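Numbering (the numbering used here), first residue to last: 1263 to 1444.
To be clear, the hints were calculated from the coordinates, so they are not data collected in a lab. Small disclaimer: the values here were computed from a predicted structure and weren't measured. Virtual Cβ for every residue (Gly too), placed ideally from N, Cα, C. Among the hints, erroneous ones may be present.
Okay, the calculated beta carbon distance ranges per label pair [to be verified]:
1. 1354 with 1306: 36 to 42 Å
2. 1293 with 1324: 29 to 35 Å
3. 1305 with 1325: 41 to 47 Å
4. 1263 with 1382: 31 to 37 Å
5. 1400 with 1302: 27 to 33 Å
6. 1324 with 1265: 25 to 31 Å
7. 1324 with 1387: 29 to 35 Å
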Amino acid sequence: MEYLNIAVIGANGVGKTQFIQRAMSLPRPPGPSATTARINVDNLPYAVTLFELDLEYFDLDPNRQIQWPRQMGGAIMPRIHGVLLLYDVMNRESIMQLPDTLNALVNSSLPAVLVATKCDNPENARQLDTEAVAAACQSCLATFKTSSIVKMLRAQKERDRDGEQPLQLILMLRWNRQMRAL
1263 MEYLNIAVIG ANGVGKTQFI QRAMSLPRPP GPSATTARIN VDNLPYAVTL FELDLEYFDL
1323 DPNRQIQWPR QMGGAIMPRI HGVLLLYDVM NRESIMQLPD TLNALVNSSL PAVLVATKCD
1383 NPENARQLDT EAVAAACQSC LATFKTSSIV KMLRAQKERD RDGEQPLQLI LMLRWNRQMR
1443 AL
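Between the sequences and the hints, there should be enough to build the whole structure, so can you do that?
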């Protein structure tokens, strides 16, 4: 079985735990350690592990590769294959480190997907415009909007226009293609 290690990173309070719970179809919020689920793509099983990390734990240098923590929950941190970069549309401060983070991810040759959280809030009440943030993050493979009341994550913009599909399928196909190209 092939495996993928995906880091779910974002500022404190953006909704990383709830995102992992919904993306992995968990009955309750995950614990502090990594969360693994078996996901089938084109009848092939993948072990997908999501690692929740706050941006405050990183020393980001936009001119260098991203430096991952050496350990998480007492276990050695494995090689990361891709990143889900979350921000909160209700909190302008949640994108403060976004430019440096994206530059470090590009320098690390890691595929990244930008995820706007809390999009169930009315657009006129939001502090951030998802379209503007997405336009500023062209290095991301895709951008998504999610909300606490919608179990299925909807594709906002796809580089290949795959249409609406479950997040798991899109990520698996994209990262699998990119990993094979390396």
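To see whether the hints hold, each was checked on the structure:
1. Hint check: residue 1354 to residue 1306, Cβ distance near 41 Å, so the stated range 36 to 42 Å holds.
2. Range check, residue 1293 to residue 1324: Cβ separation about 32 Å, and the 29 to 35 Å hint holds.
3. Evaluation of the 41 to 47 Å hint for residue 1305 and residue 1325 yields a pass: the beta carbon distance comes to about 43 Å.
4. The given range of 31 to 37 Å is respected by residue 1263 and residue 1382, whose C-beta atoms sit roughly 35 Å from each other.
5. At about 31 Å, the beta-carbon gap between residue 1400 and residue 1302 stays in the expected band of 27 to 33 Å.
6. Look at residue 1324 against residue 1265: about 29 Å separates their beta carbons, and that is inside 25 to 31 Å.
7. About 31 Å separates the C-beta atoms of residue 1324 and residue 1387, a value consistent with the hinted range of 29 to 35 Å.
Checked against the numbered hints listed earlier, the structure breaks none of them; every hint is satisfied.
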